[in-house]
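Since the structure of chain A is provided, determine the placement of chain B on it from the hints.
2 protein chains.
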Amino acid sequence: MTISLHEASVGVFVPYLRNLSALLDHAQAHADARRIDPDVLLGMRLAPNMYSLRQQVGEANRHVILSCALLAGCVPLAFADATPDIAELKARIAATIDFAQGVPPPAIDAAADKEVVFTFRSGATRPFTGKSLILTFSVPQFFFHIATAYDILRHAGVALVKKDFLGPPREA
Amino acid sequence: MTISLHEASVGVFVPYLRNLSALLDHAQAHADARRIDPDVLLGMRLAPNMYSLRQQVGEANRHVILSCALLAGCVPLAFADATPDIAELKARIAATIDFAQGVPPPAIDAAADKEVVFTFRSGATRPFTGKSLILTFSVPQFFFHIATAYDILRHAGVALVKKDFLGPPREA
Numbered sequence: 001m002t003i004s005l006h007e008a009s010v011g012v013f014v015p016y017l018r019n020l021s022a023l024l025d026h027a028q029a030h031a032d033a034r035r036i037d038p039d040v041l042l043g044m045r046l047a048p049n050m051y052s053l054r055q056q057v058g059e060a061n062r063h064v065i066l067s068c069a070l071l072a073g074c075v076p077l078a079f080a081d082a083t084p085d086i087a088e089l090k091a092r093i094a095a096t097i098d099f100a101q102g103v104p105p106p107a108i109d110a111a112a113d114k115e116v117v118f119t120f121r122s123g124a125t126r127p128f129t130g131k132s133l134i135l136t137f138s139v140p141q142f143f144f145h146i147a148t149a150y151d152i153l154r155h156a157g158v159a160l161v162k163k164d165f166l167g168p169p170r171e172a
Numbered sequence: 001m002t003i004s005l006h007e008a009s010v011g012v013f014v015p016y017l018r019n020l021s022a023l024l025d026h027a028q029a030h031a032d033a034r035r036i037d038p039d040v041l042l043g044m045r046l047a048p049n050m051y052s053l054r055q056q057v058g059e060a061n062r063h064v065i066l067s068c069a070l071l072a073g074c075v076p077l078a079f080a081d082a083t084p085d086i087a088e089l090k091a092r093i094a095a096t097i098d099f100a101q102g103v104p105p106p107a108i109d110a111a112a113d114k115e116v117v118f119t120f121r122s123g124a125t126r127p128f129t130g131k132s133l134i135l136t137f138s139v140p141q142f143f144f145h146i147a148t149a150y151d152i153l154r155h156a157g158v159a160l161v162k163k164d165f166l167g168p169p170r171e172a
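Respectively, the protein sequence lines represent chains A and B.
Using our numbering, you'd call the opening residue of the first sequence number 1 and step up by one each time.
Using our numbering, you'd call the opening residue of the second sequence number 1 and step up by one each time.
For reference, chain A alone in the conformation it holds in the complex (with noise of 0.2 Å):
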């Protein structure tokens, strides 16, 4: 048996996006419990030149449904140009798993072999399969952000275990 390009992508993204907004809710419980404005944590950074909570948070979503519209070939969806407080990010990830689970799934299995552009934020392009796609970017960059923006609420001092990252035990 093996593995769907639905599976690999959005059989993935979509419990690690309710892990995310989980976080979120342990953030906002930290920062009530300590009278710290929110804003401070979503502004946090592991180094000056790096991605702050706030922005690991947009990139997850962001990788999710680029890659969902690249292998499907439909419009992305897309948020409003603003300062989303942690309302407004788990409004998002709400969003971007009910635009992930929207895709056709044979519509994303269609796609292994699909010619598929990725254009990064500086405008320049990388030409993907939607298979390496998914194996060797988008599914590693969507972790990359998953796991800075539990490594930033980490050093920030909120209380998290390793099983806030995973998130429940789950079938594939």
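Think of the hints as simulated: they come from the structure by calculation, not from any bench.
Each hint should be verified, as a subset may be incorrect.
Put simply, identical chains are the same to the list, so a pair is met inside one copy or across any two.
[As the list claims (entries may be wrong)] In silico DSSO-like pairs for lysine-lysine, Cα to Cα no more than 27 Å straight-line: (1) Lys-162 / Lys-90; (2) Lys-163 / Lys-114; (3) Lys-114 / Lys-162; (4) Lys-114 / Lys-90.
Positioned in the frame of chain A, the structure of chain B alone reads:
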């Protein structure tokens, strides 16, 4: 076209292990240039109750070795119970790559529905199928530890860019 279990596991692990090894080269060069004891870098962590850089590298290797051994039903590679320096960490990454590449791909591909049991350091166990092990646990854990190793180095001031996490473009 679908993705084989081997492509989704060894095919992902090996290039990112190479990237991790290259991150350690950057750490060594940084330590040399600033006359920092490399052991200080290897002992850094993002929170007092998180693993150090040295341990993050060890965990990345461990998840590769244990998942490949569980899937293929072979004896996992084991390392001496010593405190590795950068050269030894790089040697262990190279040995992990050799181990992963030495597992017969058909043995991994045949394990999608196989029941496997992962044993945590605590002694607790969790049952998986081969496919759920890879998609929901081992690959996410692997990327968690690679991204966190990268994050520790960025936080320590080592001049890395995202490409150092992603590695060179490649086919899936």
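Query - Hint check against the structure, violated hint numbers in rising order - result: 4
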